[in-house]
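Below are the chains, spelled out letter by letter.
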Amino acid sequence: MPEQTFIVNGNRVTVDVEDDVRLLWVLRDRLGITGPKYGCGINVCKACTSHINGKAFNPCAVPVGQLGADDEVTTIEGLPDQVEPAQRGDHGLHPMQEAWLDRDVAQCGYCQPGQIMAAVALVNRVSAEGGTITDADLDTIRNICRCGTYTRIREAIRDGAERM
Amino acid sequence: MPNSSDPHDPAPDQDLGAPAAPYALDRRRFVGYVLGGATLVAAADLVLVEAPPASAEIPTAPQVPELYDLNDMLTDAARPTANLITVTINADGTASFELPRAEVGQGITTSTAMLIAEELDLPLEKVTVTLAPARPELLFNQLTGGSNTTISTYTPIRVAAAVARLALLEAAAIVLGDTVGGLVAKGGVITAGDGSSVTYGELAAKAAVSGDRAVEVELKSEADFTLVGRPTNRVDAVAAVTGAKDFTTDLDVAGALPTMVCRAPTLNGTPVSVRNEAAVEAMPGVTHVSQVSTGVAVRAETFGQCIDAVRALDVAWKAGPVAGESDATILRKLRAAQLPMPALPSTPLTQTVSGDFTFYFRSNSAMDTNSAIADVRPDGATIWAGLKSPIVAQQQIALRLGMAPDKVKVNVVTAGGSFGRRLFFDAALEAAEISQKMAAPVKLMWHRADDARVGRGHPMGTCRVQATVLGNEVLAFNQSLTCVETDFRHGLGEIITAAGADLPAGVGNLGFAETIFALTQEVPYDFGAVVQTLVETDDRFNTGSMRNIYSPDVRVAGELVVDKLAAKMRMDPYQFRRKFQRNPRLLAVLDTVAQAGEWGRSMPAGTAQGIAIHKEYKGVSACLVEIDTRPATTGRQIRNAVTGPRVTRVTFAIDVGLAVNPRGLEAQMQGGINDGIALALTSSLHLRDGHFLEASWDNYFYTRQWNTPPDVRVIVMPSEETVPGGAGEAGVAATFAAVACAYARATGTMPTTFPINHGQLSFEPKPFTPPIPQSPTDGLELTS
Chain A
1 MPEQTFIVNG
11 NRVTVDVEDD
21 VRLLWVLRDR
31 LGITGPKYGC
41 GINVCKACTS
51 HINGKAFNPC
61 AVPVGQLGAD
71 DEVTTIEGLP
81 DQVEPAQRGD
91 HGLHPMQEAW
101 LDRDVAQCGY
111 CQPGQIMAAV
121 ALVNRVSAEG
131 GTITDADLDT
141 IRNICRCGTY
151 TRIREAIRDG
161 AERM
Chain B
1001 MPNSSDPHDP
1011 APDQDLGAPA
1021 APYALDRRRF
1031 VGYVLGGATL
1041 VAAADLVLVE
1051 APPASAEIPT
1061 APQVPELYDL
1071 NDMLTDAARP
1081 TANLITVTIN
1091 ADGTASFELP
1101 RAEVGQGITT
1111 STAMLIAEEL
1121 DLPLEKVTVT
1131 LAPARPELLF
1141 NQLTGGSNTT
1151 ISTYTPIRVA
1161 AAVARLALLE
1171 AAAIVLGDTV
1181 GGLVAKGGVI
1191 TAGDGSSVTY
1201 GELAAKAAVS
1211 GDRAVEVELK
1221 SEADFTLVGR
1231 PTNRVDAVAA
1241 VTGAKDFTTD
1251 LDVAGALPTM
1261 VCRAPTLNGT
1271 PVSVRNEAAV
1281 EAMPGVTHVS
1291 QVSTGVAVRA
1301 ETFGQCIDAV
1311 RALDVAWKAG
1321 PVAGESDATI
1331 LRKLRAAQLP
1341 MPALPSTPLT
1351 QTVSGDFTFY
1361 FRSNSAMDTN
1371 SAIADVRPDG
1381 ATIWAGLKSP
1391 IVAQQQIALR
1401 LGMAPDKVKV
1411 NVVTAGGSFG
1421 RRLFFDAALE
1431 AAEISQKMAA
1441 PVKLMWHRAD
1451 DARVGRGHPM
1461 GTCRVQATVL
1471 GNEVLAFNQS
1481 LTCVETDFRH
1491 GLGEIITAAG
1501 ADLPAGVGNL
1511 GFAETIFALT
1521 QEVPYDFGAV
1531 VQTLVETDDR
1541 FNTGSMRNIY
1551 SPDVRVAGEL
1561 VVDKLAAKMR
1571 MDPYQFRRKF
1581 QRNPRLLAVL
1591 DTVAQAGEWG
1601 RSMPAGTAQG
1611 IAIHKEYKGV
1621 SACLVEIDTR
1631 PATTGRQIRN
1641 AVTGPRVTRV
1651 TFAIDVGLAV
1661 NPRGLEAQMQ
1671 GGINDGIALA
1681 LTSSLHLRDG
1691 HFLEASWDNY
1701 FYTRQWNTPP
1711 DVRVIVMPSE
1721 ETVPGGAGEA
1731 GVAATFAAVA
1741 CAYARATGTM
1751 PTTFPINHGQ
1761 LSFEPKPFTP
1771 PIPQSPTDGL
1781 ELTS
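Chains as they are written, first to last, in this note's numbering: chain A, 1 to 164; chain B, 1001 to 1784.
These aren't lab readings, by the way, just hints derived from the structure by calculation. Even glycine gets a Cβ: it sits at the ideal position worked out from N, Cα and C. A portion of the hints provided could be inaccurate.
Claimed, not checked - To give an idea of the interface, some chain A residues facing chain B are shown, with a C-beta separation under 7 Å as derived from the structure:
#1 ASP19
#2 VAL21
#3 ARG22
#4 TRP25
#5 ILE42
#6 ASN43
#7 VAL44
#8 VAL62
#9 GLY130
#10 THR132
#11 ILE144
#12 CYS147
#13 THR151
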C-alpha cells in the first residue's frame, strides 16, 4: 500500500493508504482527527472545512495522494497554534474561537469547526484585500448550519475579525 | 465519552419505610430520597410533575411482545426506587447527573446543569451532566420530544439537587458541630457560624448512608434564583469550538469499522440478490459485504472505501411501495381523502372567506446523518447512537436480534441536530442487524443522499380553511388538515404504547396522531365556532414529528386567512390580531413585535411586512418580518443556490414562562426563524417516479447565509409564569406564517403552495444507481 506523508497540525505524519482515499477519511478514520465533520462528502455542506497551507479547503474533495510531504494541513484542533500565544484568548484559543464562545454560537455544534475554519479564512482574505467584513462577504459563506445559528455566526465573525 | 452508566439502582428488597411514590406537599415542598451507597446520591421521582395529558390518551395495548412480557414490566415498575433520577456528589466536590433525555443541540444539558447548580449553590462548572443510557424502568419518562424536557424535568431535578443539599448540610452540622439552620452553603463550601468550614467534596462520603431514606425538602424560591434566569453560555461550547465534542461517528469503539448501506433506487425498495459480492469484497479496504433487510451493507477500513464499494455493488432490487408515485399522484390521493368542510351559516349578510393550501414533503435533515455504532455478540449487544426514545429502541433492537432486552445496552450519544428525526432509531436498528449478520462491530453512517432520500421528514398535506364573517365579527372558523401519515410508532418512548401505535390498518397510529393534533392545535382568536380536523391517509413514507409537527402548516394556513379576514373588514393586520386574540400574554408579544419591529413603517414597492402569532408549549410568540421580493433581490445569481425573495428583518418575541436560560432560548428562536424561512421559501423534497430527487445540501435548500436575515432581534419577555414552557420548537410556526403573510403583501398574491419555489426544480438530480455520489477530486483547486 502506498505511504502518504504530509503535515497535519504541525506534525509530519505517514499513513499507509491508497492514493484515492479522500483526505477527510484519512484524517478521521485513520488518524483519529475528528474535528472535521462529514456532512455530504461532495464539497457542498463544508462541515469538513480545514486549511491547507493557510487557505480554506475541503478534505472530502482531496485524494490523499495529491498531498506532498511539505503540505501543511490545519484542522480545528490545530487552529489555536496558528496564532502567537499572546494572541490567544481566555480559553487559550484562536481569537475567532474565543469570539464564538463569547457569542455562544454553537447549538448542536456539528458544523461549527468547519464554520470557524471558513470564518478565519474569510477574514484573512478580506483583510488581505484591505477591507472589513460586510454583509455581502458574510452572504458568500456556503457552510450549512441546520440549527440555524447564522445570526450569531455573523456577529461572531465581525467580532472575531476585530480580535484577529 | 458521555455515556458512563451507574444508575445506582438499589437492591429490590430494600425497605424504604416511605411511600413508594413521592408526593408534593405544597408548591415548593417535596419528598425525595437519599440513596444508600459509598458517596452521597440524592434522588427524586420523575413523576413529581403532573403527568402529561397525552398519557391519559394512550391506546390500549393490544398484546404484550414475547421477549418483554407483563411480568418484566411489572417487576421493573415495582422496584421502589428504580425509576428515580439521581444527583451524585463526588469526592472532588463536583455534582454529576445522568439526564434521561437526548441533547441534540437544544441546550438541555446546560439548562439542567443550571438547575442543579442553583439548587445546590454550586458553581456551574462543578456540575457535570451526561446522557443516561436506555433505562426501561423509566417507562414514559425517557422520551425527548414535544419540547417537553424542561417542562417535565424542572421540578424533579431540583428536588434531587435539594435532597443532596440537605444531606450535605446535615453531614456538615455533625462535622462542624453546628445546627443545619446555622450553616451557610455557598460555592460548594459549607460554613458554620464560628467561621469553620467544610467542602462538598469532603462531605460526599460522610453524607452517604447505608440504606435509602425519604426526606422532605423545600425548594429554593424563584425569587432567590441567582443563576436560573440569567443568560448563560452553553456548558459544551468549548468542546464544540475545538472539535472535541464527540458525536456518534467520532467515537472510537474497538473494531467498529466504517459501514454504509447501498440502497434501492425507489423509496424503501428491498434487495433481492447481489450479483458481484465477491468482487466488491475484494476491493481495497473492504472487510464485509452483507445483504440486510434495507439494502446491502459494506464494511471497510475507511468511509471513503465504503463509498467506493456501495457504488460498485450490482444489486437486483424489488421496487418499493411508492414506485411510480409522484407529487402529483400523492396530491390527487390527498384531495380524494379530504373530508367535506362543515356547512357554514348562510344568510344574505354573511360572507365566507376561505383558503386552500398545499405543503410538500420536507426533510428534517440533521447535519449529523443517521448513524449508530453496534457491537453485537452472541450473548449480548451494545449500541451507541443519538436517540430520543432509547427505551423503545432497546426493546425493538432486542426483538430484531432475538435477545432479551436486558442483553442490549443502549447508550445515548449527543447528536448533531435532530428536528424530530431521532425520535426514531432507524440507524441503530439497521446497525444492530448489520453487526449481527457480519459478526463484527460496525460504525454505520448514512450518506447525505440516503439521509435526504430515505430519511424521515414532514409529510405532504393540504390545509383548507373557511371562515364566516358577519359585519366586523367572525362567526365560525373551520380548518381541515389532510396529510400523509405522520409516523408516531415510537409511542411514548417504550414498547407498550409503541405497539399501540402500530395497530393494524393505521388505527393505532391515527389514534396517536389525532391525540397529538388535538393536544397541540388551537386557533388563538375569538372566531366563534372553531373546528379543526385532521385526516391522515398514506403510511408508505418515512415520516415523523418534524420540528413543531402540525403547527407550521396549520398556522400558515390560519394566518394567511386571518390576513384575508382583516382585508375583508378593511382592518390593518396587526390591529385585526389585537382585536381578535384572546390571551393577554399573546397581546403582549404581539404589541412588542409591532413596536420593536416598527409595524406599518413605509416600505418600497415589492417589499412588505408580515405579522403572525402562535400559542403552544405553554408559551406564546409573535413574529414580524420584512421581505424583499424585488427583482434585484430575487434575481441574485449564486452558484448551485436558490436565492429568491429575502427576509431582511425579523423581530420575534416569546413569553415561554420562566426562561431557565434566556440565552439558550434566544438561540432556539433564532434557529426556528431560519426553519420558518426555509419552510416558506425554499426547502422541500420532490417526489418523482417513486423516489425523492434530493441528494445534497445543494438540492435540499435549507436556509443558507444568502437567505438568512441580516437583521434578527429576539425579545425574551418577562413572564408572570413561574414555571418553564417549551423552547425547542416554538420559533417555527409564527415565523413561517409571518413570512408567508409578508410575501403575500409584497407581491399582492397570496401563496397557496409551500415552499413557494416548489414548482420549479432548481437542480439537476443525481443518479439513483449507484445510490450515492462519488466524492470530488478537485478540492485543491478550490482553496479560498
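Exercise for the section: Of all the hints given earlier, name the ones this structure violates by number, lowest first. Expected result: 1, 9, 10
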